[in-house]
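Join the two chains, each given in its own frame, into one complex according to the hints.
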Amino acid sequence: MSGVEHKALALSFVSSQALITIPIGVWLFYMVKIIRFNQSVIGAPQHEFIYTITLLKASEQWIALFPILIIQFIPALVYASFLILTAYTFPLTLPILEIILSTGMIIIVSTATLFVDLKYQGREEKITHLKKLTDTRFAKSYIQIIIEWIIRKNTVAFLGVKISGCIILLGITNLYFSDAYDWRLLGMGLTIAFSGNVTLLFYLHRFENFHFQILRQLPLSMLRRFFTAVCALTILCLPEYGIVIRNFPKDLQGYMLVTSVVFSISLLMLFYSSMYITHTDLRKITKIVFMIATAELLFILFNVPLWLISVLNLSVGIPVFRKYFYRYEMTRSNE
Amino acid sequence: MLSFQNFSKSYNNVPVLVVPVLHIPQGIHWIKGANGSGKTTFFKSLAGIIPAAGDVFLDDTISLRSDPVTFRQRVNYSEAEPVYPDFLTAKDLIRFIGKTKGSNNAQQTKLLQQLGIDAFFEKPCKTYSSGMLKKVSIALAFLGSPKVIILDEPLITLDTNARNVLFHLIHESVMEYHTTFLISSHQSIEERIVKITRTFCIENKTIVPA
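Keeping their order, the protein sequence lines are chains S and C. So in this note's numbering, the last spot in the first sequence is 816, and the numbers never skip. So in this note's numbering, the last spot in the second sequence is 203, and the numbers never skip.
Treat the hints as calculated values from the structure; they're not laboratory data. The beta carbon of each residue, even a glycine, is placed where N, CA and C say it ideally should be. There could be a bad hint or two in this list.
[Claimed, not checked] When the alpha-carbon atoms are kept at most 27 angstroms apart in a straight line, the in silico DSSO-like pairs for lysine-lysine are as follows:
id	chain 1	residue 1	chain 2	residue 2
1	C	K119	S	K514
2	C	K188	C	K25
3	S	K634	C	K92
4	C	K119	S	K613
5	C	K119	S	K634
6	S	K612	C	K116
7	S	K804	C	K92
8	C	K103	C	K92
9	S	K612	C	K92
10	C	K116	S	K634
11	C	K198	C	K25
[To be verified] Output of the computed footprint for chain S on chain C, the stretches with three or more beta carbons under 8 angstroms from beta carbons of chain S:
id	stretch
12	28 to 35
13	115 to 124
14	155 to 164
15	171 to 177
Next up, chain C with everything else stripped away, as it sits in the complex (with noise of 0.2 angstroms):
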């Protein structure tokens, strides 16, 4: 599924992350580490948000270097702690997002129901919560067709009801898609819906099988 040559990240030439080789399968992978440890950038690199070296392939054909287009296509990923511009409501960003990330109307409409967005879809981000900024960041996450999602700490800020549902769409999304998921958290996961194959460890500025 994905699969990490010479990949690294640095910072003032200082590296921060060194992932020389590593394969990650199909599945649902809980992505730990301590505060600091990196995970955030892993994330941000491996979503092509930020520039890293080495490079990344997805299915052993997509690169995220040679075919950034089509890599971001299938690629998504929502932040730990989301922050939009304030004058643009959910409907801006999911209607814009959604359309080059290839989803339709239809698609939208349930994930805003499934999700609660639809009861402040139309207002400004500048009068959301926290949790209901994450709820939108969520959403924008399962926009598409994506073959693989990235969950930055999903959970917080998230109430009961909305984890449920989250919970409920990746399930969905494996059994229906076969997407893949990389999430980190430092809750626990509920694992009555959401199996965890594998979990994978960010320690010693690399990731390791856990």
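This is chain S alone, in the form it adopts within the complex (with noise of 0.2 angstroms):
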């Protein structure tokens, strides 16, 4: 954008009392990532020494602790003193006192959440009355324990791909509603919707080879191993299978929803596999995911059919994850 655009911005923002919760809601979702980065700071072991500001008085501490927090949020400061400027140009007051209470709120909450962190270290975990339940009824299964993994540790960047991927499928499927496209257009949907899935993956890859390492001594057939995760990623992405069913276009044959769902499982799996293959990091395995994506696409736009490229990737995905499965070390340059 230009200098024009950003002032005709942030002028649409300060004029308008419904727009103006846009930049106040992105400062909100920045306070939220900045309390949990503190609150994984000052719980990492090799920061203990951080309690030691706890001995300080409570004024003290708020002393200390008010130009980090300053700090952290300068991007949202710089902007918010643009926002001001603007709105003092025209001149707009009710918007330059909104922007300063809302930006001296979240500084203020910020500052306050990681005072009492840091006060109530080590105080004993709250466990919800659900989850005490649940545990005295049952115990997990290896798929439930890696659902829940991903569910409880990444819900965020669960809930952004769950989102996205149900957007762009309604977003293609509603395409079928207005003009006339054959089968390739769902199958493209489904290659780019299930490519966001990469990051759950990468997880869930994590999650048996360093979080829960144990599971690599247990004796679970390969076979096992494989309709376990199969089994996860399906629940994991009912979702978009949801999308895909609900919205499933009157022009295709039907035999196209069994195979849609197998194809996208297929590509799931055929990510997972290339996982084991050589030592990597999630952006080395965004670029293996990039290449099979686009030649994924490509297939289906020479129509090759989504049954064939299914059988591709499953006749490529299981006997690497076979062999590279028990060959594969996590370690802590790779971690």
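Rendered as structure tokens:
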């Protein structure tokens, strides 16, 4: 955007009570990110020394913590100043007050949260009544353990992937209502939407090879390991399947629905298997996924049937998984 | 019992452990070595958690490489510093791992009671102390009918009572099931109850009888 467009956007924010909520919403989201970041930093064992700050008086702690939060919020504060300046030029008083109050509030809330987190270090973990009840009644299965890990530990990523995947599939399937397309549009939509799930696959891979390493020591056959991953991924992809089933284009033949589900799972399993070949981080994995997804898109464009691509994906994915599973090691350099 | 053939472990093409030939008979074996000598790497490779070159045979027939599932059924492992997903309970871990190892509920209940895990059985791991995690890890190592149990630093963080229980569990397994134990420990092992068959040393990147 050019400078004029930035100013126009800023003016639109400050001139409407509805639109001013957009930057304030972004700052609130940023505040949540900062609070979570600070909690993870002070929770790390190597940062235990930070707790010595609690030996100071409360007022001195606030004086020490407040500038830290100011620095962390510099991006928000710079844009807030820009909005204030824009509002002042016209002049609009109410938005100026709202911006000052909201930015002040988020800094105070973030500082207070950090203060409380430091003060009540090592406090007893609270377990919800629902968790207590389920823990008493049930013992989790392998599939449940995987699903719970992904959802609990990567909630934001999970929601982001699901929302974006559903929006893509909703948009693609809606195109069939207005114009005539063949199966290839749906196939390309599925490839793009399910490629986003690579983030979840990455967390699943880390879980099985790093966070819950004992899984590698269990006497589980390759077939069972593969089947468990397929089942867990199928359950995690239910929102996307819901969209496809609900909006399945009438012009396409019924068997394409089953083929779509099989294709998406085969694609995920190919991505997952490829993670065992080399010691890779998420950045490198994203490159591999990009290459695989591009190849799949080309296959689809050249009218290779979806079932055949699924067979190809599985005939590559399963042997790769079998060959490399026990050879893989997650070391400190690739964790 | 355990035969090693051209067994080696490398990191970035630098060998950290090389065992050309080694035979470990049935019994209780104390694996000694200085910090960083490669005890945990050896144990993890033997348990099949991390890959290694060469092969290990159990009873001369079951290969770590060719029969990975059967080998893992017969070899159990307890980590030096166990860490489990914090939302899982001891119940989730013991029931799930017990099922894969072929352990029945009676065996699981007995272990829980002996090690005092029943007091926190249904609580999530995030509420556990390091000693409680260690007890769970030890219980997991005894699940099923293992022929070999690898205990990596089993005595650290355990209270006196739990140590005695562990020594009795080891004694019982050897007497009743002829289980072989590979134990690493910097603490002294109670030899009145647990008779050490042989001591091995990990030094100069290999394992030699002490």
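Against the structure, the hints:
| no. | hint | result |
| --- | --- | --- |
| 1 | C/K119 / S/K514 | 23 angstroms, holds |
| 2 | C/K188 / C/K25 | 16 angstroms, holds |
| 3 | S/K634 / C/K92 | 25 angstroms, holds |
| 4 | C/K119 / S/K613 | 13 angstroms, holds |
| 5 | C/K119 / S/K634 | 13 angstroms, holds |
| 6 | S/K612 / C/K116 | 9 angstroms, holds |
| 7 | S/K804 / C/K92 | 26 angstroms, holds |
| 8 | C/K103 / C/K92 | 15 angstroms, holds |
| 9 | S/K612 / C/K92 | 23 angstroms, holds |
| 10 | C/K116 / S/K634 | 18 angstroms, holds |
| 11 | C/K198 / C/K25 | 13 angstroms, holds |
| 12 | 28 to 35 | violated (count 0) |
| 13 | 115 to 124 | holds (count 5) |
| 14 | 155 to 164 | violated (count 0) |
| 15 | 171 to 177 | violated (count 0) |
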